[in-house]
Amino acid sequence: GENVEQHPSTLSVQEGDSAVIKCTYSDSASNYFPWYKQELGKRPQLIIDIRSNVGEKKDQRIAVTLNKTAKHFSLHITETQPEDSAVYFCAASIGASGTYKYIFGTGTRLKVLA
Amino acid sequence: GAVVSQHPSRVICKSGTSVKIECRSLDFQATTMFWYRQFPKKSLMLMATSNEGSKATYEQGVEKDKFLINHASLTLSTLTVTSAHPEDSSFYICSARDQFSHGYTFGSGTRLTVV
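Protein chains in written order, with the working numbering: chain G, -16 to 97; chain S, 6 to 120.
Okay, chain G solo, but in the shape it has when bound (with noise of 0.2 Å):
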């Protein structure tokens, strides 16, 4: 079945290094993928997404960039922060537009030291 791969599952940064996490996704029609922020006990906060039709695409500190042919998209944080801690997933639309769902990678832990 369809499945995305998230590498790595847990992330150290010091404070104001980048961290770069990479997902990689089996089902070649997927165009949409989303990347959330989770902080402990709490809902999945989107941060950044990205289509099929672009390579890249950047938010202030935040990008994702997206290789349709290799079938891997990964996300980019710069300059972190404390704040950034948290667990960070990313997903890949399954199914038709207008209708499909989400397949989530297993999660990055990110922890970022001050």
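Calculated from the structure, these hints are not laboratory results. Note that the structure is predicted; figures quoted are calculated from it, not measured. Treat the hints with caution; some may be incorrect.
To be verified - In silico DMTMM-like pairs for lysine to aspartate or glutamate, Cα to Cα no more than 25 Å straight-line:
| # | chain 1 | residue 1 | chain 2 | residue 2 |
| --- | --- | --- | --- | --- |
| 1 | G | Lys84 | S | Glu57 |
| 2 | S | Lys47 | G | Asp10 |
| 3 | G | Lys20 | S | Asp32 |
| 4 | S | Lys46 | S | Glu57 |
| 5 | G | Lys51 | G | Asp32 |
| 6 | G | Lys40 | G | Glu(-2) |
| 7 | S | Lys47 | G | Asp67 |
| 8 | S | Lys47 | G | Glu22 |
| 9 | S | Lys46 | S | Asp32 |
| 10 | G | Lys5 | S | Asp32 |
| 11 | S | Lys69 | S | Glu27 |
| 12 | G | Lys54 | G | Glu66 |
| 13 | S | Lys47 | G | Glu(-15) |
| 14 | G | Lys41 | G | Glu(-2) |
| 15 | S | Lys46 | G | Asp32 |
Could you slot chain S onto chain G? The hints should help.
Below, chain S alone, put in the same frame as chain G:
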């Protein structure tokens, strides 16, 4: 922005009893809602897709008779965990898709503990 309300946020129940969790879209209509289960330090596992006015679609391995889903209106879906057992203890989260924008919004989650 879109808001999804999920209740209760926490519930403790005895083994053998049933628990109902509500997911409500407050300012948009959701023809589709999704129910996820999340174990500690684990990812979101899709349990079922809830469609307004029709039967839910369950993912492989999810018992439909144990996890009853009802989506009777465009703003409300419920998940009932029947005959709960300690292994059903988990964090359950719903997500609602806006009928028009197709954007997804998560509920705040329900932490179920079965004792």
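Going through the hints against the structure:
{"no.": "1", "hint": "Lys84/G with Glu57/S", "verdict": "holds, 15 Å"}
{"no.": "2", "hint": "Lys47/S with Asp10/G", "verdict": "holds, 22 Å"}
{"no.": "3", "hint": "Lys20/G with Asp32/S", "verdict": "holds, 23 Å"}
{"no.": "4", "hint": "Lys46/S with Glu57/S", "verdict": "violated, 31 Å"}
{"no.": "5", "hint": "Lys51/G with Asp32/G", "verdict": "holds, 15 Å"}
{"no.": "6", "hint": "Lys40/G with Glu(-2)/G", "verdict": "holds, 23 Å"}
{"no.": "7", "hint": "Lys47/S with Asp67/G", "verdict": "holds, 19 Å"}
{"no.": "8", "hint": "Lys47/S with Glu22/G", "verdict": "holds, 13 Å"}
{"no.": "9", "hint": "Lys46/S with Asp32/S", "verdict": "violated, 31 Å"}
{"no.": "10", "hint": "Lys5/G with Asp32/S", "verdict": "violated, 34 Å"}
{"no.": "11", "hint": "Lys69/S with Glu27/S", "verdict": "holds, 17 Å"}
{"no.": "12", "hint": "Lys54/G with Glu66/G", "verdict": "violated, 30 Å"}
{"no.": "13", "hint": "Lys47/S with Glu(-15)/G", "verdict": "holds, 18 Å"}
{"no.": "14", "hint": "Lys41/G with Glu(-2)/G", "verdict": "holds, 20 Å"}
{"no.": "15", "hint": "Lys46/S with Asp32/G", "verdict": "holds, 23 Å"}
Checked against the numbered hints above, the structure violates hints 4, 9, 10, 12; every other hint is satisfied.
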